[in-house]
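Novice: Chain by chain, the residues:
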Amino acid sequence: MNGALPFLADGLVLIVLLILLLLRERSTDQARLESSEGDKTLEALRREALLQELTDRLFGSEDWHFIVKQGSAPLRRLFLQQRTALALSWLQTVRANARRLMRIHRAAVRTSPRLEPQVELTVAVDYLLFEVLCQVITLAIWLRGPVAMGRLVGYADDLSARLYEVIATRMLPPELAYGNTKGGPAPPGAPRARER
Amino acid sequence: MILPLSSLFYARISIFGRRQKMLSLAVWLTTLVLETLILLQALKGEFLSKYILFYAYLGSVFLQSFFLLIIYLVRPSYYAPLYWSAEFVSVVMGWGVVWEIYRGALGRFPGAARMARNVLVLILLMVISKVLVNTWSSTVWQPAGTVVELERDFRAVQAMVLIGLVIVIAFYRIPLGRNLWGMMLGYGLFIGTNVITLALRALLGYSFQTAWRYLQPLSYLAVLCVWYMTLWSYKAAPAPKAQLQIEQDYQFVSAATKRGLLQARAYLRRAMRP
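Going down the list, the sequences are from chains Y and S.
Position one of the first sequence corresponds to residue 0 (numbering that gives the first Met the number 0), numbered consecutively onward.
Position one of the second sequence corresponds to residue 0 (numbering that gives the first Met the number 0), numbered consecutively onward.
In short, the hints are calculated from the structure, not lab data.
Values in this document were obtained by computation on a predicted structure and should not be read as measured data.
Each residue gets a CB set at the ideal place from its N, CA and C atoms; glycine is no exception.
Take the hints with a grain of salt, since some may be wrong.
Here are the computed distance ranges between Cβ atoms for each label pair [to be verified]: (1) S:Tyr233 with Y:Gln91: 37 to 43 Å; (2) S:Phe170 with Y:Leu4: 23 to 29 Å; (3) Y:Gln91 with S:Val32: 46 to 52 Å; (4) Y:Leu19 with S:Leu38: 28 to 34 Å; (5) Y:Glu61 with S:Ala235: 37 to 43 Å; (6) S:Ala238 with Y:Val15: 25 to 31 Å.
Derived, one-sided and incomplete: chain S residues facing chain Y with beta-carbon distance under 10 Å [stated by the list, open to error]: (7) Arg113; (8) Met114; (9) Arg154; (10) Leu161; (11) Ile166; (12) Asn193; (13) Thr196; (14) Leu199.
According to the in silico footprint, chain S covers these stretches of chain Y (three or more CB under 8 Å from chain S) [said to hold, decoys possible]: (15) 4-18; (16) 107-120.
Isolated chain S, as found in the complex:
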């Protein structure tokens, strides 16, 4: 399943023009420099342990990139299969970033966290149902046609989970702080562009290869710039201010709100009758 694509990929790399190769290497080296700077800054500022899962992800991507760069320059024939293996490690490590965002943003808001958990369970149930329905309707077990489709599927699940998180954060107006904001914005943009480019790559096939080869690293470069700016120093999420006198009984408050809204709507409906 991987071989045809790998050989195509390698063939493409081997006929890479000198100029494109230089540009590609320049982007590659810039991402390595930015990753190093972000990691060093976190070490220097002693906040690496505050977002350990995020920095573990970034560290693993850095090591992979560095290793793949050497392979690309020394043994290009191994590059393509190793690239895809590294991508799947990155997908798995990416869940750590999602968890970091969830934990950092909603840890101080148990109500919103509970809502987010329910939304995420619902999303995962939808995904599992979709997979089961596809399996049931097809005679042969085929999770994805190519390695590109497989990565697209995994990234799409992450994108859906992030959408759920973003909606909960926006709805309950959760204050994030600069670091978490940067993490969420950067990773969200990365996953979003990844899903789109992988979907187009799977749809259009080899004709999208050239565009894809530039879009992927450039979008990641933009994400690194976001992280570089927002994770330069430690900026914790602001604590919630308890300035309002709130009814302790949630059931009472929510029931009253619900009843009021229903009554209000009924008023409007009655008013709309001729």
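The shape of chain Y in the complex, shown without the other chains:
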């Protein structure tokens, strides 16, 4: 049986990969996705900029202290429930933005004849680790709640800003890159990243 397992796995992996790729192709219109990638990123960053204004409030402790002062246990429970849902939604947006930026990177390098497989592999591994850490943060939000996550979320915010600075400003058209546009959309957490 042991001798047959690698072959069975080989065949199964191929079939599963093809089915997954087929499902992905059916769910996304590739051409439309590519042509509007820059616009989507801009749109996402605008949304992100708006969300950024709420981030400090969302993960800050002021609201929590206010609720605690009311002395109502059901109110505290409801507050924590709603804040957890909001925090998870915020983290999803950050991840989606990072995914979009990586997609831009891949779209840029796939036509480059000078592509270095080793470098690409490192970038892919780094991004994978980023995704894993985001999952860890998601778990931490579930376990500890958003109020205790202020510091952690601050770092995730900086991370998003870093990703934007490095990838988007070098690959997006100038009008989409915040550094080159007066009054353009700022990346999430950009001011804080510069302060450090």
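Let chain Y serve as the given structure and place chain S on it in line with the hints.
Specialist: Frame of chain Y, contents of chain S only:
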């Protein structure tokens, strides 16, 4: 090595029930009709030359099937050995389909093509290492115990190469177009099911023979249906749109991306410390 299996195979065929034989022939004839239709449509639509290696494969399978059908009906005793010979011709011609997919999908994307070449070289090195290690550890040179195992091994290598190709195509989101999509999906499903059924046949032996006799042609029939639907007319892969302003210096872009991701990860790690 081939004879015991061949005689078993032939013995099995000779005691084939009338009903099963009819079903088997019906599937066989349907595959022949579908192959003819796909080939004729490519000729009529004048796109046979666009995917010459794929159609060469399909043409060779058609000729083999047709020839084997006559042998099966007229001289059944020759069928089994000829079947296995035809299978190995099909394995060799199948590499043409893999090359066609690679060329069609990644020809317009030199970066992704370079990545795919590296992945494929890595896969081939792994396979060669495995063969060498097996040879080194065994006292007698024995590439495969039976003809079934030999075909399974060859198909498994093709499956690994296809896995590498599919991963690169998925990772770089290469637009394929309907024809290439159909080719890859059909051939991939065919190879995948083939490797699984051949592995089970080699593992379970004769007890899997009946199931195998139906699974093989039925999976191929399903593949032909995929090809029939996706290769009905010429639909080239869409050209990449250069809508983004991209830094010309790949080294600069990739180094910046890498540095950014490393820094980002370091931030998160620091944040995770109590």
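Novice: State for each hint whether it applies.
Specialist: Evaluated hints:
The hint said 37 to 43 Å for the Cβ distance between Tyr233 of chain S and Gln91 of chain Y, and at roughly 41 Å that hint holds. At roughly 26 Å, the beta-carbon separation of Phe170 of chain S and Leu4 of chain Y lies within the given 23 to 29 Å, and the hint holds. At roughly 51 Å, the beta carbons of Gln91 of chain Y and Val32 of chain S sit within the given window of 46 to 52 Å. At roughly 31 Å, the beta-carbon separation of Leu19 of chain Y and Leu38 of chain S lies within the given 28 to 34 Å, and the hint holds.
Taken as a hint, the range 37 to 43 Å is violated for the pair Glu61 of chain Y and Ala235 of chain S, whose Cβ atoms sit roughly 59 Å apart. Restraint check, Ala238 of chain S to Val15 of chain Y: a C-beta distance of roughly 30 Å satisfies the suggested window 25 to 31 Å. With a least beta-carbon distance of about 5 Å to chain Y, the hint placing Arg113 of chain S at the interface is held under the 10 Å criterion. The restraint placing Met114 of chain S at the interface with chain Y holds, with a minimum CB-CB distance near 5 Å, inside the 10 Å limit.
Annotation: Arg154 of chain S was flagged as interfacial toward chain Y, and the flag holds, the nearest CB pair being 8 Å apart, inside 10 Å. Because the smallest distance between the Cβ of Leu161 of chain S and any Cβ of chain Y comes to about 6 Å, under 10 Å, the interface hint for this residue holds. Interface hint at Ile166 of chain S: satisfied, since its Cβ lies 7 Å from the closest Cβ of chain Y, which is below the 10 Å cut-off. Checking Asn193 of chain S against chain Y by beta carbon gives a least distance of about 7 Å; that is within 10 Å, so the hint holds.
Checking Thr196 of chain S against chain Y by beta carbon gives a least distance of about 8 Å; that is within 10 Å, so the hint holds. Below 10 Å, beta-carbon pairs count as interface contacts, and Leu199 of chain S has one with chain Y at about 7 Å; its hint therefore holds. Residues of the region 4-18 of chain Y lying with their CB closer than 8 Å to a CB of chain S number 11, which satisfies the three-residue condition for coverage. Here the region 107-120 of chain Y counts 12 residues with a CB under 8 Å from a CB of chain S, which clears the bar of 3, and the coverage holds.
Going down the numbered hints, you'll see the structure goes against just number 5.
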